[in-house]
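Please take these sequences and the hints and turn them into a complete structure.
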Amino acid sequence: MSSNCAPFASYWQAGYEGADHVNHAGRPQDMNLVTGHLDQADGDYALLRPFGIRTVRESAGWRLCERDGQFDFSILDSRLQAAAKHGLQVCWTFCHYGWPDDVDIYGEEFVPRFVRYCTELAKYLSPHVGPAPIYSPINEISFQSWGLSVHMFRCKNMHDPRAGEAGKRQLVRASIAAIDAIRAITPGARFLQCDPLIHVIAPPDRPDWREQAAGWRASQFDAWDMLCGRREPELGGDPRYLDLIGGNVYHSNQWESGTNLRLWWHLDDPRRLPLNQALIELQRRYERPLLLAETSHVGSGRGVWIRQMAEQAALAVQHGADVRGVCLYPAIDRPDWDNPDHWHRSGLWDVDLHSTPPLARLPVPAYATALHQAIRLTDHLCPSPTTNSPHGQRESAMQTMIVFCHLRWDFVYQRPQHLLSRLAQHYRILFVEEPVFDEGPAFMKTSTPAPNITVCQPHTPVQAPGFHDDQIPLLQPLLAQLPGYNEQPLVWFYTPMALPLLPPHAGLVIYDCMDELSAFKNPPKQLLQRETALLKRADLVFTGGPSLYEAKRSRHDNTHCFASSVDAVHFHQALDRSNGHPLHGDIPHPRLGYYGVIDERFDAGLIAAMADAHPEWQLVLVGPIVKIDPASLPQRQNIHYLGQQSYQVLPQFLAGWDVCLLPFALNEATRYISPTKVLEYMAAELPSVSTAITDVERPYGDIVAIGHDHAEFIAHCEAALALDARQRDELARRMRAVVERTSWEHTAEQMHALMRRTPPGAGATATPPGAAAGVTGVAGMTGAAGGAAPAASINAKRAAPVGCVIIGGGPTGLSAAYHLGADTVLLERHATVGGWCRSIKDKGFTFDYAGHIMFSNDPYVLKLYDILLGDNQHWQMREAWVYSKQVYTRYPFQGALYGLPPAVIKECIVGAIESRYGLAGGAPRCDSEAVEDCCADGTADVANSDAGSAVAQTENFENFIYRVWGAGIARHFAIPYNKKIWTVPLKDMETSWLGGRVPLPDLGQIIEGALEPVAKPMGPNARFGYPLRGGFQALMNGFLPHIRGKIELDANVVQVLPQEHTVVLADGRRLPYGKLISTMPLPQLVQRCGDAVPEAVRKAAQGLRHVSIRCVNIGVNRAGITDKHWIYYPEDSIFHRIFVQGNASPECNAPGGFGFTCEISYSPWKPLPVDGEELIQRCIADCIKVGFIRADDEVVVANQVDMPYAYVVYDHARAHNVATVREWMERHDIVLAGRYSEWEYYNSDHAFLAGKKAAERVRDAKAVKAG
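Residue numbering for the sequence shown follows our numbering, beginning at 1094 and increasing consecutively.
Please note that a few of the clues may not be correct.
[Unchecked claim] Cross-link-like lysine-lysine pairs, in silico, DSSO-like; alpha carbons within 30 Å at most:
(1) LYS2109 - LYS2072
(2) LYS1978 - LYS2139
(3) LYS2278 - LYS1934
(4) LYS1934 - LYS2139
(5) LYS1978 - LYS2278
[As the list claims (entries may be wrong)] Derived Cβ-Cβ restraints for the label pairs, each shown as a range:
(6) GLU1709 - GLY1257: 50 to 60 Å
(7) ARG1355 - GLY1698: 37 to 47 Å
(8) PRO1451 - HIS1244: 30 to 40 Å
(9) GLN1979 - LYS1936: 28 to 38 Å
(10) LYS1936 - LYS2109: 27 to 37 Å
(11) ASP1669 - ALA1808: 23 to 33 Å
(12) TYR1953 - GLY2213: 33 to 43 Å
(13) GLU2316 - PRO2134: 33 to 43 Å
(14) GLN1979 - PRO1121: 44 to 54 Å
(15) GLN1979 - GLU1709: 54 to 64 Å
(16) ARG1764 - PRO2244: 52 to 62 Å
(17) ILE1565 - ARG1821: 48 to 58 Å
Hint data in this document are derived by calculation from the structure and do not stem from the laboratory. Note that the structure is predicted; figures quoted are calculated from it, not measured. A virtual CB, placed ideally from N, CA and C, is assigned to each residue, including glycine.
Written as structure tokens, this is what we have:
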């Protein structure tokens, strides 16, 4: 059959260990029985569905199917039936090391006996396997013959001196004869011939053993050579017997000849032969389709191994190898052949030996995550098994991306390698390094260290370092010869110094600013000038952390923060603390370790102080020493400099450390750094201590101990070493929660989404459609304050002046237009009014942009509801709840502790008592209605504790929580929930937004709520409304008939000219105004005003912080899943709240269904952990985990809406910053109104009043002017 036909149903396959031989000790093997696969085939196959695996490899077992000359193939039935049920292709191995006891492999009867067995088995399988099944007559002929030579198998004549070579010939003869017999029954059958791929070398000190090593290595080809007739043609070999080739690869397949020492994969032995080279060699030798037919690793390295196998397969494909798939082997863990009590821990699922029913399957999460990543890689870069599209066609269809970097690819593995190796699934990447001095003509040296990535290293006779001006004339012609250079490539800069090399026909230009290079030691003189030019030319700017974002966002309006992330699968290996590195062998505990570059950013004095303070501590420093004199570093017996080590072995170092260090000096070079290693340390679940690096302290200061001087740093190390088991477990739990929220895959996909949406060529004016609101997949903060205003093709279309222009058609803007006259134009950039109060419809379900309700004690607002909605209102008593400790309690948390574990209740009550009596003097009573509970974020119970008040202000929100509620309530609800929603350190927030007075808890109510269930809330404060039909959008639409002025939709304001009293729209129109009411986010308004804004105002706007919200809307095919309206989740679910949309109004649900919204906060300090479909699936999984829906609920609708500006952050600088901006705007007839322009915590009813107030100010100003 033509090898061009696609033989496999899926690229990824699963194999089940099916060895059936009798081992050397005489113990018969039946692996499918021992693993439970024979009984659980249906369940095992069902487990494959989420991975898209549709091809499996199974073994029939000659010894098991033939007894006393009789065949019984019934042991195949359960697998055949399960495969048919699940639509799987089964590739059968006929002989897996075992044969009947009476068979002599060296005897003349062996071949005819095997042919007879194969004939009968082929007949039995024929009705089940289709016209082109894939069979392996004999598994691993070369390996099996070696096993015969060392008496691995107990069989008849096992000590025959002809073992090995004679056995190999017999197995080849039998395989050839069997193929002929099977083809007589199934002419279209394909045949897979598998053997291990090995690599053997001589020890470095024994060159005389090289010939022996080469002979061992060459033996791997023997069986394949014999089958195709290259070797010993008298056996009957012919090319038709070598159809598909399977290479089996495990970590132990490479070793030293003579010593038998393994070239360890997990230690990244540089002598190892990369798999892609072995596959390429196999392809060139035989020119046959290839399958990576068996591969897996053991223990914690499983995930990293399978991902690396995918990368190697993709590299082989890139270099012309016809790799048709990868088979996980085994899919289900298996025991050792010789020690049945030792299970290898090598499967995608482990086996529970003590479960009821027995042998339950246990998923291995890190392996599963890595497999999904590997599948995505091969989906993009390897030929589809069904379309058989060659890699060359796929690659040529990809756009080229040229990357200019100041770091070498083989230097420390960090941000560029992490991001680009993942973006290479979408782009053909040319990674251009700085030139290397080389006498003679200039030339380009290339290599391919990763799939779809070509490293281009220029060699020139110019000694000037880096991308110096003297290098440019030599580099330009070298670059012009690169593939894709003249085809509008994307261009990605890590260093502005390469800007003169920008191709003349470049497409999208990206600047990924990972460091403030100008602050490093000996920066190029032109660096700042080049960066200014690059920021003007770039279409998209990424920054490596919040500090860099704050520094750069004012210089480009399409700047996005993507802080350092983590490869959790890789560092999962460190959790196996026995998996240490041999370089630790002579270094005792306690070990305090650091890995990374050792340069001017490294605090050598701190290391010396630590070593002197604690001579018993062993300080392990892993990394290259650059730009500083190694002799300047402290030398002590307990300081160990281990040099640069590969990224692959870092988990082995972490596994042997007790505390992780971030000993950075505090200087200009570290002012903006966002160390990648902080999350890697967390993934290893080790206590960490850092100096006061801003991008460590702000987001992680509650997990990473921060030493503000040497003494404090050393004290934190002492405390870390003294942690007990419970404290370490709690710290590890918090680390896991952080690590689960991010990944390099997620970061790269978010970047890719922005790259796809951003039009090339607009430079600093580029703003991707939807970047400001409502588009899923946007990470961190989108472009905000400052910088030059957009210069988008503004024409002279000038309309007649209007009395008032209103920017934004949300509740504030609509209310302002409602209260003004006809001389008004409202500009809304979306296709409908409503702002974040809009609604969407999907398959009969109605969802809002986050959960909204109608609630107010203001008579004017209540009357307005009637005007806008009439009888389209639905009022009911609220059901607000908290879910924690696996129980529901009523909201607010502190007033309804009943049902929580007794220890938690005790801790909460004791904490409240200690907090109350810690306050000096009595406190007067206060009215709990001082702050209204609209349930916007779950913190309203801060102000609705019905108790006395204290007029004293707390310096920050965190202190306030502990002071008001005490440690118990703080620990179990207030701190985790508020950290979850606000994403910023609570110490950074002040408390004015909680109301004018600070209510204290009523101890009587707390105790009463702990002793018995709390009754349903009653009274006017417990009642809320919602539009009966049309979602919250109906309330917004209710304004439209009453507005006398003009409303323009899809009208995006790109520039505000304060001196000219004019706004400029994206279509080029200019609208002069008398007064301007702005409801757009204050940083965006300042940015739109461009150079007219003074520097102080621009900086004030830059200082405003906010939180973004992503809503995942879900509809299930089951009515009435809960009677609650909103639920708060302070613990480890991805969402902080569920708004039960289906209970807001019965009209929100599709017939027979039920809708709800999961709300997730994010920011540069807490990015979304996953995005797209992964985010939806994570929400569904967490909804099941917390018991909100059942695992068998059918999800019929799932969508997302994004709110980049959602909650304004009340940090300590907010009031001053807002006042600075407001005062300047007011001087230019700009009225700020609403949550985002006033930067106030407003709900929808407050927004109505804010619009009314803004309209009144405009009218009053007109009256004054007229008078």
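These are the hints, each one checked on the structure:
Note on LYS2109 and LYS2072: the hinted pairing holds, with a Cα-Cα distance of about 28 Å set against a maximum of 30 Å. For the suggested pair LYS1978 and LYS2139, the alpha carbons sit about 53 Å apart, so the restraint of at most 30 Å is broken. This hinted pair checks out: LYS2278 and LYS1934 have alpha carbons roughly 27 Å apart, not beyond 30 Å. For the suggested pair LYS1934 and LYS2139, the alpha carbons sit about 27 Å apart, so the restraint of at most 30 Å is met.
With a C-alpha separation of about 12 Å, the suggested pair LYS1978 and LYS2278 falls inside the 30 Å cut-off, and the hint holds. Restraint check, GLU1709 to GLY1257: a C-beta distance of roughly 56 Å satisfies the suggested window 50 to 60 Å. About 42 Å separates the C-beta atoms of ARG1355 and GLY1698, a value consistent with the hinted range of 37 to 47 Å. For the hinted restraint 30 to 40 Å between PRO1451 and HIS1244, the CB-CB distance of approximately 33 Å keeps it satisfied.
For GLN1979 paired with LYS1936, a C-beta distance near 32 Å keeps the hint of 28 to 38 Å intact. Restraint check, LYS1936 to LYS2109: a C-beta distance of roughly 33 Å satisfies the suggested window 27 to 37 Å. Separated by about 30 Å at the C-beta atoms, ASP1669 and ALA1808 satisfy the suggested range of 23 to 33 Å. Checked against the hint of 33 to 43 Å, the pair TYR1953 and GLY2213 passes, with Cβ atoms roughly 36 Å apart.
Restraint check, GLU2316 to PRO2134: a C-beta distance of roughly 37 Å satisfies the suggested window 33 to 43 Å. Between GLN1979 and PRO1121 the beta carbons are some 47 Å apart, a value that agrees with the proposed interval 44 to 54 Å. Taking 54 to 64 Å as the suggested C-beta distance range, the pair GLN1979 and GLU1709 does not conform, at roughly 44 Å. For ARG1764 and PRO2244, the Cβ-Cβ distance of about 59 Å falls inside the hinted range of 52 to 62 Å, so the restraint holds.
Checked against the given bound of 48 to 58 Å, the beta carbons of ILE1565 and ARG1821, roughly 54 Å apart, stay inside it.
Of the numbered hints listed earlier, those contradicted by the structure are 2, 15.
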